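With the hints as extra help, turn the sequences into a complete structure.
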Amino acid sequence: MPELHLAVALDGAGAHPAAWREPGARPDELFTARYWADVVAEAETGLLDFVTFDDGLALQSASAAEPDTRTDHVRGRLDAVLTAARIAPLTRHIGLVPGVTVTHTEPFHLSKALATLDHVSRGRAGVHIQTSGLPHEARHFGRREFPVPVGELAGEAADHIEVIRRLWDSWEDDAEIRDTATGRFIDRDKLHYVDFKGPYFSVRGPSITPRPPQGQPLVTARAGTAAPRHALVDLVYITPRDADEVRAVTTLLTPPPGTRHVFADLTVFLDEDQRAADARRARLDAQAGAPYGTDSAVFTGTPGRLADLLQEWQQAGLSGFRLRPGVIAHDLPAITRGLVPELQRRSAFRRGYRADTLRGLLGLPRPANRYATGPAA
Amino acid sequence: MSTKPLKQIHLAAHFPGVNNTTVWSDPAAGSHIDFDSFVHFAQTAERAKFDFLFLAEGLRLREQGGKIYDLDVVGRPDTFTVLAALAAVTEHLGLTGTINSTFNEPYEVARQFASLDHLTGGRAAWNVVTSWDAFTGENFRRGGFLPRNERYTRAREFLETATELFDSWDGTEIAADPVTGVFLRDARAGAFAHHGRHFDIEGRFNVPRSPQGRPVVFQAGDSDEGREFAAARADAVFGRHATLQEGRAFYADVKGRLARHGRRHEDLKILPAATFVLGDTDAEARELAHEVRRLQVSGQTAIKYLEHVWNRDLSGHDPDGPLPATDPVPGENTVALGRASVRQFRDPLATAREWRALAEAKNLSIRELVIAVTARQTFVGSAATVAGAIDTLVQADAADGFILVPHLTPGGLDVFADTVVPLLQERGVFRTEYTGSTLREHLGLAVPQPVRPAGDRQPAAR
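In order, the protein sequence lines correspond to chains A and B. Taken in order, the first sequence gives residues 2 to 378; the numbers are from our numbering. Taken in order, the second sequence gives residues 73 to 534; the numbers are from our numbering.
No lab work stands behind these hints, which were simulated from the structure alone. Since we're looking at a predicted model, the values are computed, not measured. Backbone N, C-alpha and C define an ideal beta-carbon position, used for all residues, glycine too. It cannot be assumed that every hint is accurate.
[Said to hold, decoys possible] Part of the chain A face toward chain B, derived, beta carbon under 8 angstroms:
id, residue
1, 94
2, 142
3, 209
[Stated by the list, open to error] Residues from chain A that keep clear of chain B, each with C-beta distances beyond 10 angstroms, as calculated:
id, residue
4, 147
5, 149
6, 240
7, 284
[As the list claims (entries may be wrong)] Here are some, though not all, of the chain A residues that point toward chain B, as calculated from beta-carbon distances under 10 angstroms:
id, residue
8, 19
9, 86
10, 176
11, 207
12, 208
13, 356
And the structure:
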């Protein structure tokens with residue numbers, strides 16, 4: 002079996018609503034660069050493929066439909082692209098994948114921001130594409146009436162990805178020539194208009210930012226985000242409950258072999274023995290005042306049992322996992338220092354970084370430029 | 073005899089831009105995209121104790137004659153993303169970015185700047201610019217353009233709205249107390265509502281108040297409206313008048329407007345852009361400056377520049393020959409697109425007449441004429457001469473300091489840092505160490521108090 006791939010999802014102090022009250026959670030530092038730098042450094046010591054940074058264009062809410070007035074949960078987030086960029090010079094190998102809402106934002110801005118994240122991280126940028134159908138979030142922009150049909154959100158997301166991908170290719174790799182003999186800085190025949198026209202936006206191009214080091218930074222999304230144009234996404238996240246569901250979903254997705262990844266999202270609470278894990282989870286739930294539930298499966302147990310489960314699900318058709326630490330201060334080190342060594346013992350996970358780019362870590366080639374006409378560089 | 077205390081000079085470093093000021097043909101010229109270049113440039117500025125680094129922005133590649141303009145540096149990274157990354161390799165340097173208010177939305181820009189201010193520990197600044205061209209609009213959702221007379225009203229409302237978003241948190245909301253379980257003291261933190269002509273939005277802003285309260289705000293326009301906007305709302309002006317006479321007139325005019333807006337003289341800093349060429353002696357510097365001008369204005373560049381005024385294809389003309397005998401095509405410039413500079417020629421026919429007269433009187437070719445009429449370097453001389461000139465201008469109230477634009481990426485600032493800065497420090501007019509940690513502290517600006525509409529506060533238990 003090939004080695005599996007591991008990412009972690011970072012959101013505030015962790016996935017559990019009471020995570021911020023745990024020892025070591027640093028709740029008063031959640032809006033500092035130092036906190037994020039330390040967390041991503043820990044993920045990098047575990048040789049993880051990438052981290053994602055959760056984000057959104059509205060304040061977090063316990064209600065899916067509207068803002069709440071709770072005061073006992075973490076509220077507020079820093080822009081994920083900028084947080085990733087702030088961490089990029091402090092890390093060397095780990096992929097940096099900010100969450101981005103494409104429903105209200107500009108593909109032109111997003112394309113150059115991600116291209117630049119790829120430049121400042123030297124080829125480690127990705128993006129987690131998200132849509133938002135929330136009427137209260139739309140009122141932060143005041144441009145459109147919500148709700149809109151889900152199909153419309155997916156269509157817009159697909160158009161958005163199409164445009165950012167075209168803009169990344171709008172400069173050929175060798176467009177900058179600095180030819181003193183002719184006085185030309187660029188060969189303008191190697192810059193391309195993208196000329197996208199759609200119902201939500203039209204974009205002329207080219208990008209103002211040269212092609213990023215990876216050619217195409219990694220595009221990730223929940224399954225269905227860009228439906229039915231699934232092939233625009235390099236890596237999809239699914240939320241199966243068990244191995245049978247993994248089999249069912251991965252069969253449906255039929256990823257072209259070697260070109261696309263399917264990761265399962267899994268929330269984890271890890272301790273050295275089962276009893277300690279159960280007790281901690283119960284304590285967190287008591288503190289939150291309600292049993293924890295989320296859209297993904299939740300694992301509570303030991304790193305060894307988690308390794309068993311990951312391998313079982315991998316066999317059912319997955320290439321990797323995005324683990325959501327219940328409590329970052331506790332469960333992230335449990336992943337990097339408990340789960341990872343366990344997987345390494347089983348020869349199921351890398352023992353060192355063997356690539357410099359995020360695509361490289363995931364075994365994905367650097368794509369050819371769709372606009373290139375000359376002999377392949 | 074009373075002596076006025078010496079003014080302290082503010083200095084900033086403008087990363088070389090995508091125009092012909094930047095000399096890319098020099099063997100020492102490096103990448104303007106690789107992050108290493110930005111690191112070198114920022115760390116030089118910080119080593120020299122500069123107030124801040126400045127990044128420009130342009131949202132469409134320039135075109136001339138229907139083709140992408142290829143003679144200057146082309147392409148740049150995303151402003152916000154580079155500034156956030158630079159925060160990791162600097163500790164004190166302010167980080168200023170130009171962000172357009174026409175092709176963005178207040179909620180998104182406010183959260184980007186508030187985030188940047190958190191991630192830099194209070195070093196973020198925003199140069200608010202506007203545009204109204206349909207050419208750039210072709211890259212954005214709103215697509216269209218703004219009538220010229222609306223660009224300032226929209227920019228003003230954009231900034232007002234962003235300010236309301238920054239102020240929707242006052243900095244006291246976060247308790248983060250694990251014992252009591254209270255994270256937020258205010259259940260309605262971030263609530264805002266703006267119902268205006270350009271923006272009609274409401275909800276909850278999702279970035280808590282940042283270290284500087286709000287980013288430092290720059291304004292760059294020179295028109296009467298631009299000056300009024302600056303006097304009313306800006307913390308600093310990115311100006312263009314760097315000579316004694318023009319500088320003093322501009323300085324007096326803009327600072328004179330402050331009182332009408334209830335602001336003090338020191339609440340707004342005037343920082344013109346300035347270029348420089350340094351040599352061991354003044355004579356050597358003058359010679360170097362001339363060489364740099366020749367590199368900046370090649371024969372091809374001179375022809376292209378002339379087209380900005382003539383508004384027609386002049387590719388058949390010899391740059392070493394005389395000016396065109398034909399007159400400029402009147403009306404909106406359709407030859408050069410994506411360039412703010414073409415608008416400085418309000419009366420192209422008069423400009424053409426003036427230049428022909430100048431060329432005939434001095435027997436200048438097209439290239440020589442363009443070199444003569446376009447900006448020569450602001451400061452040319454030995455380090456002592458340049459330090460003296462800068463100090464004189466600041467003490468004479470022609471400026472509060474300068475935003476220096478080197479012509480080389482990324483090393484163009486090095487010699488200034490090594491030779492001029494120590495002389496300014498010896499004169500006692502420039503800091504030898506940073507005394508504050510935020511950009512507001514570097515610039516001597518007060519931390520703004522949040523302004524919230526009366527009755528906006530809601531009890532937590534609502």
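Please check whether the beta-carbon of residue 240 of chain A is more than 10 angstroms away from every beta-carbon in chain B. Fine: 24 angstroms to the nearest Cβ keeps residue 240 of chain A off the interface.
Given a cut of 10 angstroms on the nearest C-beta pair, is the interface hint for residue 176 of chain A held or broken against chain B? Constraint on residue 176 of chain A satisfied, holds at 8 angstroms.
Claimed clearance of chain B by residue 147 of chain A, with the beta carbon kept past 10 angstroms: Given that every Cβ of chain B is farther than 10 angstroms from that of residue 147 of chain A, nearest at about 12 angstroms, it holds.
For the hint on residue 209 of chain A, does the least C-beta distance to chain B fall short of 8 angstroms? Holds - the Cβ of residue 209 of chain A comes within 8 angstroms of chain B, reaching about 6 angstroms at its closest.
Beyond 10 angstroms from every chain B Cβ - status for residue 149 of chain A: holds, 15 angstroms
Using the nearest Cβ pair, does residue 86 of chain A come within less than 10 angstroms of chain B? holds, 4 angstroms
Tell me if the interface restraint on residue 94 of chain A is satisfied: Cβ within less than 8 angstroms of some Cβ in chain B. With Cβ-Cβ at 16 angstroms, over 8 angstroms, it is violated.
Was the hint right that residue 207 of chain A lines chain B, CB cutoff 10 angstroms? With Cβ-Cβ at 6 angstroms, under 10 angstroms, it holds.
Interface restraint verdict for residue 208 of chain A against chain B (beta-carbon cut-off 10 angstroms): Result: holds, 8 angstroms to nearest chain B Cβ.
Interface hint compliance - residue 19 of chain A to chain B, C-beta minimum distance less than 10 angstroms: holds, 8 angstroms
Does the nearest C-beta of chain B fall within a distance shorter than 8 angstroms of the C-beta of residue 142 of chain A? Hint holds; residue 142 of chain A Cβ to chain B Cβ min 5 angstroms, cut 8 angstroms.
Assertion that residue 284 of chain A lies farther than 10 angstroms from chain B (Cβ): Non-interface label stands for residue 284 of chain A: nearest chain B Cβ at 13 angstroms, farther than 10 angstroms.
Checked against the numbered hints given earlier, the structure breaks hints 1 and 13 and satisfies all the rest.
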